[in-house]
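The residues making up each chain are set out below.
There are 2 protein chains.
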Amino acid sequence: MDEPRIVIIGGVAAGPKTAARARRLAPKADITIIERDRYISYAGCGMPFFLAGSVREFGQLFTTAYGVVRDADYFRREKGVRVLTGNEAVEIDRSKKEVLARNLETGEEFRIPYDKLVIATGSVPLVPPIEGLDLKGVFRLNHPEDAIKIKEHLEGVSEAVVIGAGLIGMEAADALREKNVFATVVELKDQILPGILDRDMAEVLAARLEEQGMEFRLGQKVLRIEGDGDGNAAAVVTGQERLEAEMVIVAVGVRPNVELARKAGLKIGETGAIEVNRHLQTSDPDIYAVGDCVENLHLVSGRKVYIPLATYANRQGRVAGDNVTGKKSVFKGVLGTSVMKVLNWNVGRTGLGQQQAEDLGFNVVTVVNSAHDRTHYHPAHGLVLMKLIVDGNTRKILGAQAIGPGEAVKRIDVAAAAIHFGATVDDLFDFDLGYAPPFSSPIDLAQHTANIARNKMEGLAPSVSAGEVKAKMDRGDDFVILDVRTAQQFGAKHLEDDRVMLVTLGDIRERLGEIPRDKEIILLCAMGVRSYEALRILHGAGFRDIKYMEGGLQAWPYEMD
Amino acid sequence: MDEPRIVIIGGVAAGPKTAARARRLAPKADITIIERDRYISYAGCGMPFFLAGSVREFGQLFTTAYGVVRDADYFRREKGVRVLTGNEAVEIDRSKKEVLARNLETGEEFRIPYDKLVIATGSVPLVPPIEGLDLKGVFRLNHPEDAIKIKEHLEGVSEAVVIGAGLIGMEAADALREKNVFATVVELKDQILPGILDRDMAEVLAARLEEQGMEFRLGQKVLRIEGDGDGNAAAVVTGQERLEAEMVIVAVGVRPNVELARKAGLKIGETGAIEVNRHLQTSDPDIYAVGDCVENLHLVSGRKVYIPLATYANRQGRVAGDNVTGKKSVFKGVLGTSVMKVLNWNVGRTGLGQQQAEDLGFNVVTVVNSAHDRTHYHPAHGLVLMKLIVDGNTRKILGAQAIGPGEAVKRIDVAAAAIHFGATVDDLFDFDLGYAPPFSSPIDLAQHTANIARNKMEGLAPSVSAGEVKAKMDRGDDFVILDVRTAQQFGAKHLEDDRVMLVTLGDIRERLGEIPRDKEIILLCAMGVRSYEALRILHGAGFRDIKYMEGGLQAWPYEMD
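Line order of the protein sequences matches chains A and B.
Heads up, the first sequence is in the working numbering, so the first residue is 880 and it goes up one at a time.
Heads up, the second sequence is in the working numbering, so the first residue is 880 and it goes up one at a time.
If you are wondering where the hints come from, they were derived from the structure by calculation, not from laboratory data.
Fair warning: there could be bad hints in the mix.
Since copy identity is lost for identical chains, a pair holds within one copy or between any two.
[Said to hold, decoys possible] Result set (DSSO-like, lysine-lysine): computed pairs, CA atoms no more than 30 Å apart in a straight line:
(1) 1211 with 1275
(2) 907 with 1426
(3) 1068 with 1058
(4) 1146 with 1206
(5) 1349 with 1068
(6) 1207 with 1426
(7) 1426 with 1206
(8) 907 with 1398
(9) 1206 with 1275
(10) 1183 with 1068
(11) 1028 with 1100
(12) 1142 with 1207
(13) 1142 with 976
(14) 976 with 1183
On a predicted model such as this, the values are computed, not experimentally measured, just so you know.
Build the full structure now, drawing on both the sequences and the hints.
As structure tokens, then:
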């Protein structure tokens, strides 16, 4: 097949990437991209940053790093690829190996024959079943033009509501904040970033964002958007309350756009997305599918998942570009690694979450660690909270999450590399990661987190979570919270509770007699390091009903007093 | 052994870490640290930052994150560890299992019995065999007090010379720059950071630092330091020139401090450092050694290496703390990962360098890639040059280096994790790394670099290095340098050479007829992406004597015109 006819349906990310790679491998191939929109090959992930103003020009989302606009002409000249924008693929005729396409402007229909077809039809936004979505001031943030429309509407807006606290919803709220619009984020689930973070991590993040003025309404179902007399959005009404809103952004997720594939009789997977094999072939070996319309194999759970991400779209494009030109390549699967920035907090996850791991039957051990991202004496250091989800039987890392103003994302990348190879927490400690004061600490925080997990699994570090301590306090349990920080730190902020007792770590050995031996003791400090140290001292002194609170007060999402 | 007597010689990094871990595991152990200095447990790596002023207080290098000074009293109160500062270990009596120590103030000698002994005697600075080292204004940067002395001397200094362009020398030059002292760095080898970077990477880094005013004298042997009549340093004289210098910092490296171990008859390895097994045991099973005084197994080469780094000292301390208290732990080995910051450039390496890999007989394939550390439209994006050293037979990654104002160090950590597991370049492409516009690009630059290596190994991307192109130009070879950038970019800066021809990538398909078919063609662009694209176009059009220049002009360390 020296001059294969390659037809690609969809021109946003995976499609153009497939075309570009195929062209480099097969100079004589006939390559066509069909795209119903007028835009192609755009940086969808950049929309919130355009909205926020950090990307100044709309056009930047459509240009190469060297300033050339990625339009149909660019694809013709630089890539030798024919792009049919404003044309819709109506039907795939698998027996004739033709795509029926329609020019959306003229209505004219025509057929494009293919040897290899690539479906890259992406996703479509979910539409919540509520009234008021057609009011003025109600937007989505799925298409570049959405960002433009929102930006035009922003002037004078003071009260906005974002529906959905997922990745796009949080990025939208963050972008609005950059424009001095304080949005309230409403989420059906009882935590922010439900697909990304475990609840304990999400609670800390939400608390820190709230301290900076973000507002969340969690576990609230939106019933309707109400308008004023002129057809403008005026309020979002949930099961619990009515939120004034001159502007509403609806970001409740996406679903795979599989209609064309389904109509063509291609197999749709259990997740509702197109099923593909490791070569990204659909159930028709001459038809490939890539990007947001396909489901992926999760490499830890072994299950099929629908996790539409730009990185998969791009890497799959390269793999499909290989395969449609006769070079066998595979896309092995995913870990669901997601990262984002909201206000000054970096957020990331990879692998399984705690609940997922428990649902899959793993003997789950988790740890939460508060640490500095670099040497504490370096002026730029920042906090990171890192959580590891570990298989207690094999000691393998199943998942990792990290949040903080510090460099959290690097540690997620390291964890993703580790999980890729089925690394144990012991392996992670063995990694030879780079250390210098501006970048990390001599034992990197990811390795420190691994060590905490090792200590815990070996019985050295019995612990409780912040949530468990809060529950014990609320239940009125009879126990002691032993705060081992300095008197100065304690004076500045501490848990206001009769059960709290201050014995600074440096004094513990001398004041053992004051610590009750007949009660459960929960040790507490700022980040978990000193309370673990204190736990070992108490253990050495014969105390047995002792635990320390993981992550210290940095992991405490509740009011202090 | 419920209450073992653990004696640790050396109190800087590995020693205190050993003590702390041992204490947590063995509450009743009797733990003693002997340290000849008056300081213990200090952040030696922080000295350049104290010198530069970013660490404001000298004391910050000696305090915990929560503000407690790590002195003997701290170790007694918080760790239950006896620290004998100002005491020197004179001799190890292995038959009696005793350390003979001497109080450096009183001269009194005493014996400390041990069940387990840990040698953590660190390293000592190399002293070049030159005159003038005792002149006023000549310093080292190995001990915290060195930093204080340098800082005191800085006032009014305008001309300084740093001898040695290794890690400490470069950090010293960087710190001086922060204090507005422009230092000239003299290095015996013909490149900066000889132990860290390959020559091609070092040349680019040196060029970019020189553009910012740093000065280097490479391949110059220092003969002597000359004084003025008053015993003050006045100049550094090399084989080639005389450099005025009111201040000189000597940073030519360190050697392991093994005298005590050698006198005790412990086995010294081929590198000159103490030989230890995976449990960090010396040739005497009751004596362990950790930190800068030991040699390590390089996990890629399988050879013993002497690479003294704070991260090894700390991680080895934990392992030794396990082993001296009866818990079996191993320290597997190292990859020689080193990272640093100099001016606005981040620098890192892991694994083998190109020359090392070639010397070991690998079929070495290398690639150099210029890329943005995040989406190019994100305002904070920065350049990174990444080099991979790959085994062409197994496709395994042997080493990685990255430099740039962009986030280079994260990619080194990812590469270190990859190399730990013997990853191939194909594995690296499969990693599910986190993508969002503030952090990376949909195909992370490390993965993009891996793809270039894959393309190269598969014959898709024949290439030359900047150095090879320069050599061809200088030799007067008859060939064409085809610059495929935009006319605007070309106008701003280009190689001034008659053999240079401009055909913008977007025009190549139409202007194929103008490109000579009878000459070797080297394709050139800013970062290597377009020239590779152009190469594939020319290849498709039947051109065969074509290569592209890896990394583009961003990897060009020479004058442009």
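Verification of the supplied hints:
1. 1211 with 1275: Both, since 19 Å and 18 Å are each at most 30 Å.
2. 907 with 1426: Close across copies (20 Å), not inside one copy (68 Å); limit 30 Å.
3. 1068 with 1058: within (27 Å within a copy, 53 Å between copies)
4. 1146 with 1206: within (24 Å within a copy, 54 Å between copies)
5. 1349 with 1068: within (21 Å within a copy, 61 Å between copies)
6. 1207 with 1426: between (54 Å within a copy, 25 Å between copies)
7. 1426 with 1206: Intra 57 Å, inter 22 Å, cutoff 30 Å: inter-copy only.
8. 907 with 1398: between (79 Å within a copy, 24 Å between copies)
9. 1206 with 1275: Only across copies: residue 1206 and residue 1275 sit 20 Å apart there, 34 Å inside one copy, limit 30 Å.
10. 1183 with 1068: Classified as within; 23 Å inside a copy, 55 Å across copies.
11. 1028 with 1100: within (26 Å within a copy, 66 Å between copies)
12. 1142 with 1207: Within one copy only: 28 Å inside, 62 Å across.
13. 1142 with 976: within (14 Å within a copy, 82 Å between copies)
14. 976 with 1183: Within one copy, since 28 Å is at most 30 Å while 61 Å is not.
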